[in-house]
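Chemist: Take the sequences, apply the hints, and build the full model.
Reading the sequence shown from the start, the letters are residues 930 to 1255 in the working numbering.
Note that these hints are calculated values from the structure, not bench results. Incorrect hints may appear among the rest.
Pairs of lysine to aspartate or glutamate, DMTMM-like flavour, derived with a Cα cap of 20 angstroms [unchecked claim]:
| # | residue 1 | residue 2 |
| --- | --- | --- |
| 1 | LYS1121 | GLU1158 |
| 2 | LYS1099 | GLU1006 |
| 3 | LYS1115 | GLU1145 |
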Amino acid sequence: MSKRQSLGWFIRIAALITIIATILTGCADDDSGAATGESKLAAEPASDTSHDALMISFRNTVKEAKEAAEIVSFLNENASKAGQPNADLMIRALNVFYSKDIEATQEQFAQPHVQEALLAQSQVINSATAAEIEDAEVRQLVVTKLSGGYKLEGVEGTIFPIVDYGMQRKFSGYLSEPLKQYIILKAEESDKPTARDGGLVISWDELAARAVMAEEYVTLYLDTPEREEVLQLYLDRYLPFYIYGQSNTPVFDDMFVLEDEVKDSYEKLIAERPNSVTANTVQRYLDVLSQTGGRLLERRNGQQYNIPAVQQFLDSYIADARAMLE
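Modeler: Structural data, given as structure tokens:
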């Protein structure tokens, strides 16, 4: 990373730290957090003074909150009155709370008696079905977490909580465009995970669309605090999954030849989004594979071996994509 790129990264991190410090500490004489713009969905205009009072109340709510539900309840009542800059601060504070709370929440759900009560349910557990949980303690835990913007997922006989970014869509009308698009991107993943149990659960074309969505975000919103997270989502998840698949859904067949379905998706992306980094990457991949008969690996004497040209591409494509995006 160049000095200029490193400086840009540290500026974005410093900006995020400043935002969160402003939310949690505040200052009685500081009215710099007052919003001048109003959400299009706000019912009535609000004065700078009322915005200041609202943010003081919000800071206190965040500081004292034991559950995300307390912050979500405040947002439900007040996001429309906050003004766009303050609404952005509120959503970012909520997501910071999740980042600190998620591990403890998952530990609560990992307890044997909780798992037993949840696995006894015959249908998906959500706000409409939580009342059917017989164990009162577990029922209250579930209701509290769901009202706080978590949702429950099940994998390999275990039920666990994740952040339900889809819930945050209802606040989109009050937010800046970068934060609105961040929520859309994150909600795609929480609504329907890209992969589960070592295999893709979306189509190759859907995966390509998510990769391009993340790529566009980091290209358009250079200074948003969420940029680095989205960049890592692209480089660590979407692009590698698209290039190599998952253990249970590899991109190649039993003979290590690129699957026709995957190749069709690559060619479709190249035709539709020729100037994207993702399309550039898969085009170079196809160029390499055209020299190997479409094979990613070769088998000799019952053993599989790397093909040097393919391995060279696989060793460098992530760094190449990062360089194009930064």
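Chemist: Run the structure past the numbered hints and jot down the numbers of the failing ones, going up.
Modeler: none
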